[in-house]
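Enquirer: Residue numbers 1 to 175, in the UniProt record's numbering, belong to the letters of the sequence shown in order.
Derived from the structure by calculation, the hints contain no laboratory data. Accuracy of the hints is not assured; some may be wrong.
Derived pair list, reagent style BS3-like, types lysine-lysine, alpha-carbon separation capped at 25 Å [claimed, not checked]:
| # | residue 1 | residue 2 |
| --- | --- | --- |
| 1 | Lys127 | Lys137 |
| 2 | Lys158 | Lys83 |
| 3 | Lys137 | Lys96 |
| 4 | Lys169 | Lys11 |
| 5 | Lys137 | Lys68 |
| 6 | Lys11 | Lys68 |
| 7 | Lys96 | Lys169 |
| 8 | Lys106 | Lys27 |
| 9 | Lys96 | Lys158 |
| 10 | Lys52 | Lys27 |
| 11 | Lys27 | Lys11 |
| 12 | Lys96 | Lys161 |
| 13 | Lys27 | Lys161 |
| 14 | Lys106 | Lys63 |
| 15 | Lys127 | Lys27 |
| 16 | Lys27 | Lys63 |
| 17 | Lys96 | Lys68 |
| 18 | Lys127 | Lys106 |
| 19 | Lys158 | Lys169 |
| 20 | Lys52 | Lys68 |
| 21 | Lys68 | Lys127 |
| 22 | Lys169 | Lys83 |
| 23 | Lys63 | Lys137 |
| 24 | Lys137 | Lys11 |
| 25 | Lys161 | Lys114 |
| 26 | Lys52 | Lys169 |
| 27 | Lys158 | Lys114 |
| 28 | Lys137 | Lys161 |
| 29 | Lys96 | Lys11 |
| 30 | Lys68 | Lys81 |
| 31 | Lys114 | Lys27 |
The following label-pair restraints were derived from C-beta to C-beta distances [said to hold, decoys possible]:
| # | residue 1 | residue 2 | range |
| --- | --- | --- | --- |
| 32 | Ser145 | Asn4 | 33 to 39 Å |
| 33 | Tyr173 | Thr60 | 29 to 35 Å |
| 34 | Asn40 | Pro117 | 18 to 24 Å |
Quick reminder that beta carbons are idealized off the backbone N, C-alpha and C, glycines included.
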Amino acid sequence: MSNNTVIHFFKINDPNYQNFDWLLSMKLAFMLLDISQRTNPPSELVVIIDMKGVGFMHLTRFKIGAAKTFLEFLQEGMPLKIKMIHIINSNYIFDKILSIARMFIKSELMAMLKSYPADTDITQFQKEHIPASFLPKDYGGDLPSSLELNENTIQQFKELKVFFESEEKLISYYK
Numbered sequence: 001m002s003n004n005t006v007i008h009f010f011k012i013n014d015p016n017y018q019n020f021d022w023l024l025s026m027k028l029a030f031m032l033l034d035i036s037q038r039t040n041p042p043s044e045l046v047v048i049i050d051m052k053g054v055g056f057m058h059l060t061r062f063k064i065g066a067a068k069t070f071l072e073f074l075q076e077g078m079p080l081k082i083k084m085i086h087i088i089n090s091n092y093i094f095d096k097i098l099s100i101a102r103m104f105i106k107s108e109l110m111a112m113l114k115s116y117p118a119d120t121d122i123t124q125f126q127k128e129h130i131p132a133s134f135l136p137k138d139y140g141g142d143l144p145s146s147l148e149l150n151e152n153t154i155q156q157f158k159e160l161k162v163f164f165e166s167e168e169k170l171i172s173y174y175k
């Protein structure tokens, strides 16, 4: 793994589909990019998405138009190169989401998508893809737990609150 690679790890903390907001999740992903580029901007991005807790009813909250815009940005406007997207604890829901989004995904991005079922050997995953030194403790890694890392990220969001509010205001002028 390159020294100048950032890893973004996403998972849902609340599996209740009524509390899940696709638009907010996409917005937070963009905001996380801003945080990642704040100091020592990376040249590559690796994304890990944990599908554990995502069920069929989450699909009812899926916004196709927003997904199209999000995917267009990922493919055309990203400020850094996407190296790989790992979908762990993949299930039939991911397959359904992918079948909907496939019409907006270029072959280059499709080639970067790798999914792993819940019974994937984490040790093998570490050997082949992401070393333990880059994974949270609760995923067999050496980093603090995903909960602790999440709290750290929330703190970084809070530190940039004024920036994000200004950006939101600026964007509202273009609507």
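Enquirer: All the hints need checking, so say for each whether the structure fits it.
Expert: Here is what the structure says about each hint:
{"no.": "1", "hint": "Lys127 with Lys137", "verdict": "holds (16 Å)"}
{"no.": "2", "hint": "Lys158 with Lys83", "verdict": "violated (28 Å)"}
{"no.": "3", "hint": "Lys137 with Lys96", "verdict": "violated (30 Å)"}
{"no.": "4", "hint": "Lys169 with Lys11", "verdict": "violated (28 Å)"}
{"no.": "5", "hint": "Lys137 with Lys68", "verdict": "violated (34 Å)"}
{"no.": "6", "hint": "Lys11 with Lys68", "verdict": "holds (21 Å)"}
{"no.": "7", "hint": "Lys96 with Lys169", "verdict": "violated (35 Å)"}
{"no.": "8", "hint": "Lys106 with Lys27", "verdict": "holds (21 Å)"}
{"no.": "9", "hint": "Lys96 with Lys158", "verdict": "violated (34 Å)"}
{"no.": "10", "hint": "Lys52 with Lys27", "verdict": "holds (21 Å)"}
{"no.": "11", "hint": "Lys27 with Lys11", "verdict": "holds (15 Å)"}
{"no.": "12", "hint": "Lys96 with Lys161", "verdict": "violated (35 Å)"}
{"no.": "13", "hint": "Lys27 with Lys161", "verdict": "holds (14 Å)"}
{"no.": "14", "hint": "Lys106 with Lys63", "verdict": "holds (19 Å)"}
{"no.": "15", "hint": "Lys127 with Lys27", "verdict": "violated (32 Å)"}
{"no.": "16", "hint": "Lys27 with Lys63", "verdict": "holds (13 Å)"}
{"no.": "17", "hint": "Lys96 with Lys68", "verdict": "holds (15 Å)"}
{"no.": "18", "hint": "Lys127 with Lys106", "verdict": "violated (28 Å)"}
{"no.": "19", "hint": "Lys158 with Lys169", "verdict": "holds (17 Å)"}
{"no.": "20", "hint": "Lys52 with Lys68", "verdict": "holds (24 Å)"}
{"no.": "21", "hint": "Lys68 with Lys127", "verdict": "violated (34 Å)"}
{"no.": "22", "hint": "Lys169 with Lys83", "verdict": "violated (32 Å)"}
{"no.": "23", "hint": "Lys63 with Lys137", "verdict": "violated (33 Å)"}
{"no.": "24", "hint": "Lys137 with Lys11", "verdict": "holds (15 Å)"}
{"no.": "25", "hint": "Lys161 with Lys114", "verdict": "violated (34 Å)"}
{"no.": "26", "hint": "Lys52 with Lys169", "verdict": "violated (35 Å)"}
{"no.": "27", "hint": "Lys158 with Lys114", "verdict": "violated (32 Å)"}
{"no.": "28", "hint": "Lys137 with Lys161", "verdict": "violated (28 Å)"}
{"no.": "29", "hint": "Lys96 with Lys11", "verdict": "holds (18 Å)"}
{"no.": "30", "hint": "Lys68 with Lys81", "verdict": "holds (19 Å)"}
{"no.": "31", "hint": "Lys114 with Lys27", "verdict": "holds (23 Å)"}
{"no.": "32", "hint": "Ser145 with Asn4: 33 to 39 Å", "verdict": "violated (25 Å)"}
{"no.": "33", "hint": "Tyr173 with Thr60: 29 to 35 Å", "verdict": "holds (33 Å)"}
{"no.": "34", "hint": "Asn40 with Pro117: 18 to 24 Å", "verdict": "violated (35 Å)"}
Of the numbered hints stated above, those contradicted by the structure are hints 2, 3, 4, 5, 7, 9, 12, 15, 18, 21, 22, 23, 25, 26, 27, 28, 32 and 34, listed in ascending order.
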